[in-house]
Amino acid sequence: MHEKMYSVVVLLVLFTEVNSIVNPLWEKQCIEYFATGVNYDLKELPSDMYTLYYWPPNQRERDSCEHISFTNLTEYEATEASSKCSNLRLPSNQTVIKGTYINNVGKQVNLLFYGNEEVKEMYRACDKIISKYIFIKVNVNYVLGINCSSGGRGMLLSRYLAGSTEVQSVADTIEIMTGREGKPDCPLSA
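For the sequence shown, the residue numbers in mature numbering (1 follows the signal peptide of the UniProt record, and there is no 0) are -20 to -1, 1 to 170.
These aren't lab readings, by the way, just hints derived from the structure by calculation.
Heads up, a few of these hints could be off.
Stated by the list, open to error - Below, computed lysine to any residue pairings styled on SDA-like, alpha-carbon distance capped at 20 angstroms:
1) K8 <-> E146
2) K64 <-> G86
3) K117 <-> E146
4) K64 <-> L53
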């Protein structure tokens, strides 16, 4: 009986570990599919945005919409961030943006986005891989973010807390996301 339980635990651990490794082929296919040829300048990210919609949908809806603060790091701050992690080499001649938000359990999360090409790098923590990320400007108020290291997970960022009708209308106009299931991540007004 204990051997069966041990086998199940080992299989679960292996399955979890295998699924948390980025498949370079999937990452490459995601980049080829979502890349538009238009380089989004990270300096265009507003200082405050809200995550309102996800493709695929999150399993649980948040009680309130996630607020993300974006700040442009100085060269000194970027060097300081690099020194805290041996696998992080932030380029000194590129824009580095820090995104900060509070996750579902109330913990502050800091992300670093950098890169002068269309495909950006996203750093989460020393023990995490550096992800490939694409930003696409939808219109003056909305930006689509796609994490190609996470199976092409998309999120719609907005400058303000829009109502559900507007958010769905904007999501429906994003041609590249047509056919993918998505939905708001938080309660939105009508």
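Now for the hints, and whether the structure bears them out:
For a cut-off of 20 angstroms, the pair hint linking K8 to E146 is broken: about 32 angstroms separates their Cα positions. Straight-line distance between C-alpha atoms of K64 and G86 comes to about 23 angstroms, which puts the hinted pair past the 20 angstroms bound. The hinted pair formed by K117 and E146 meets the criterion: a straight-line CA distance of about 16 angstroms does not exceed 20 angstroms. A threshold of 20 angstroms between alpha carbons decides the hint, and for K64 with L53 the separation of about 15 angstroms falls inside it, so the pair holds.
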